[in-house]
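Protein chains in written order, with my numbering: chain A, 17 to 308; chain B, 17 to 308.
Mixed in with the good hints, there may be bad ones.
The list treats identical chains as one, so a pair stands whether inside a single copy or across any two.
In silico PhoX-like pairs for lysine-lysine, Cα to Cα no more than 20 Å straight-line [as the list claims (entries may be wrong)]: (1) K278 / K240; (2) K143 / K307; (3) K307 / K278; (4) K58 / K240; (5) K154 / K307; (6) K307 / K58; (7) K278 / K154; (8) K154 / K58; (9) K143 / K278; (10) K278 / K58; (11) K240 / K307; (12) K143 / K58; (13) K154 / K143.
Derived by calculation from the structure, the hints in this document are not laboratory data.
Protein chains: 2
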Amino acid sequence: MIERIAILGTGLLGASVGLAARASGFAGSIVGWDRSEEGARKALELGAIDSIASDAITAACEAEVTVLAPPIFATLDLMEQLAPMLGPDHLVTDVGSTKAQIAASAARLYNAPGRPAFLPGHPMAGKERGGAEHADAKLFRHAVWIFTDAPEALDMPVAQRSQRAAELAEEWRGLVQQMGARILDLDPVRHDELVAWVSHLPQLTATALSALLEDEVGEAPELKEVGGRGLREMTRLGASPFSMWRDIAHTNTEAIEQALLKLEQRLAHIRENLRTPELRDEFEQANRFRKE
Amino acid sequence: MIERIAILGTGLLGASVGLAARASGFAGSIVGWDRSEEGARKALELGAIDSIASDAITAACEAEVTVLAPPIFATLDLMEQLAPMLGPDHLVTDVGSTKAQIAASAARLYNAPGRPAFLPGHPMAGKERGGAEHADAKLFRHAVWIFTDAPEALDMPVAQRSQRAAELAEEWRGLVQQMGARILDLDPVRHDELVAWVSHLPQLTATALSALLEDEVGEAPELKEVGGRGLREMTRLGASPFSMWRDIAHTNTEAIEQALLKLEQRLAHIRENLRTPELRDEFEQANRFRKE
Numbered sequence: 017m018i019e020r021i022a023i024l025g026t027g028l029l030g031a032s033v034g035l036a037a038r039a040s041g042f043a044g045s046i047v048g049w050d051r052s053e054e055g056a057r058k059a060l061e062l063g064a065i066d067s068i069a070s071d072a073i074t075a076a077c078e079a080e081v082t083v084l085a086p087p088i089f090a091t092l093d094l095m096e097q098l099a100p101m102l103g104p105d106h107l108v109t110d111v112g113s114t115k116a117q118i119a120a121s122a123a124r125l126y127n128a129p130g131r132p133a134f135l136p137g138h139p140m141a142g143k144e145r146g147g148a149e150h151a152d153a154k155l156f157r158h159a160v161w162i163f164t165d166a167p168e169a170l171d172m173p174v175a176q177r178s179q180r181a182a183e184l185a186e187e188w189r190g191l192v193q194q195m196g197a198r199i200l201d202l203d204p205v206r207h208d209e210l211v212a213w214v215s216h217l218p219q220l221t222a223t224a225l226s227a228l229l230e231d232e233v234g235e236a237p238e239l240k241e242v243g244g245r246g247l248r249e250m251t252r253l254g255a256s257p258f259s260m261w262r263d264i265a266h267t268n269t270e271a272i273e274q275a276l277l278k279l280e281q282r283l284a285h286i287r288e289n290l291r292t293p294e295l296r297d298e299f300e301q302a303n304r305f306r307k308e
Numbered sequence: 017m018i019e020r021i022a023i024l025g026t027g028l029l030g031a032s033v034g035l036a037a038r039a040s041g042f043a044g045s046i047v048g049w050d051r052s053e054e055g056a057r058k059a060l061e062l063g064a065i066d067s068i069a070s071d072a073i074t075a076a077c078e079a080e081v082t083v084l085a086p087p088i089f090a091t092l093d094l095m096e097q098l099a100p101m102l103g104p105d106h107l108v109t110d111v112g113s114t115k116a117q118i119a120a121s122a123a124r125l126y127n128a129p130g131r132p133a134f135l136p137g138h139p140m141a142g143k144e145r146g147g148a149e150h151a152d153a154k155l156f157r158h159a160v161w162i163f164t165d166a167p168e169a170l171d172m173p174v175a176q177r178s179q180r181a182a183e184l185a186e187e188w189r190g191l192v193q194q195m196g197a198r199i200l201d202l203d204p205v206r207h208d209e210l211v212a213w214v215s216h217l218p219q220l221t222a223t224a225l226s227a228l229l230e231d232e233v234g235e236a237p238e239l240k241e242v243g244g245r246g247l248r249e250m251t252r253l254g255a256s257p258f259s260m261w262r263d264i265a266h267t268n269t270e271a272i273e274q275a276l277l278k279l280e281q282r283l284a285h286i287r288e289n290l291r292t293p294e295l296r297d298e299f300e301q302a303n304r305f306r307k308e
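All chains, full assembly: derive it from the sequences and hints.
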């Protein structure tokens, strides 16, 4: 059984992983580190971690499983820093929202004889507001947790992981399921194409809609309240922090560009057909997506 | 006090008005009529109405207040049919989503000496699925209920209503507040511009996004589930029925065209700036809209 987990980056996701692991019966210790001292202290106060490490490398070296949970570029930096410091019986995993660059980095730095193991992961869960203070032990319940560890995705086959690291990877997958998540294995490139549609496009649509509405009706706060549940839902993700999405936009640019362009074209098609039968076709196609 | 209300169109909104009036303590009788016999029967079973009228005109003639709750064009038709049949002590009101055409029709046919009174209304509440079976006594709680009865909006001043009709209008406004709604008075043209932004644009964005996603990932139902709460919220309105939105698109076309075009431009701006600091500005402007 895993005895010690290090969580590097104790924001919303990292702190939620700690709380969810504890709530799922994980009985070992959890050490945390965050670039922001206040963020780590908040995670400690909430019980998401048991102690705060002085630095990221120390935290990882003393654990068996290290969870990387900062934004993508910080995750890629930590992967570089940690790879030479950890032994072959150590498992590193992450929760980053794009996977192609992380999987490529893992293939280059990890998962080879004598190197630590890396299991790229992405829980499809989050909130529109970051920070440990919004962490939630139930965040991953009924969520899909994607791993992009498929053999064809790795330059080095998983079989080259040490026996112990392979066991830790299996244990981590089990713990994720105990947190209430359903595992889906995908190729990392296919993952990034898919999340461009089901995650990044909805986010940027909410951002565009919220920013536009702020321009148009933001001066009159009483008018924001006129909109009902639909408006609240369609703009909730407008509160999402740029700090996280900057890295996603940088590491999945082409797939996101394509998705945005297709949505622009779809909106233009609707605009040009507000009084024609084509509008019915659009509603019927949309209805199919929401068919139960 | 109002003794008898007629609800013409007992779908989601009409049946919810009946249920909410009853739950708010309305003690008089409620007669209903719907183009669909099954719809009226369902509303009767739910207790949204006490009896079903044989036809719309009979229902209205026997009531003091008539609520028009079908889609917009059917509302406009009923306004034409009812105006010559009702006396000056009768109040007609509606719940239609666009108001300029209805207010213009009201000014032409109602609110003059010897004519029935008309109070144009629009509760900012609804669901993505229509029909009496989804009716809810709590639908209007915390919602804004707009009236476009402002004197400057009417060719005939409200003062030309009969004393009794003016009292009924005040009673209806009171009943709406008892249902839990907050009243906002707006000019009908200003109403239509505003709802293009806060209601029609969010709906058509959800329609476009849902239809696009059905094209892109609809073949793989397991992939729909990958998206989390954000995806579900951003596409919930994709289930909305064309039957209702057709009339809205026809009666607020210019304002909706303008709103859609601006969103297309905003999405293109984001697409062209995925790797530039402009993206930060868009997120920050969106954050402002959601600032609490």
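So, going through the hints one by one against the coordinates:
1. K278 / K240: between (28 Å within a copy, 18 Å between copies)
2. K143 / K307: The answer is between: 15 Å across copies meets 20 Å, while 25 Å in one copy does not.
3. K307 / K278: neither (22 Å within a copy, 30 Å between copies)
4. K58 / K240: So K58 and K240 fail the 20 Å test inside a copy (33 Å) and across (35 Å) alike.
5. K154 / K307: neither (27 Å within a copy, 25 Å between copies)
6. K307 / K58: neither (42 Å within a copy, 23 Å between copies)
7. K278 / K154: For K278 and K154, neither the intra-copy (34 Å) nor the inter-copy (38 Å) Cα distance is at most 20 Å.
8. K154 / K58: within (18 Å within a copy, 39 Å between copies)
9. K143 / K278: neither (26 Å within a copy, 27 Å between copies)
10. K278 / K58: Neither, since 42 Å and 41 Å both go past 20 Å.
11. K240 / K307: Between copies only: 11 Å across, 30 Å inside.
12. K143 / K58: Intra 17 Å, inter 39 Å, cutoff 20 Å: intra-copy only.
13. K154 / K143: within (12 Å within a copy, 27 Å between copies)
Comparing the model with each earlier hint shows violations of hints 3, 4, 5, 6, 7, 9 and 10; every other hint is respected.
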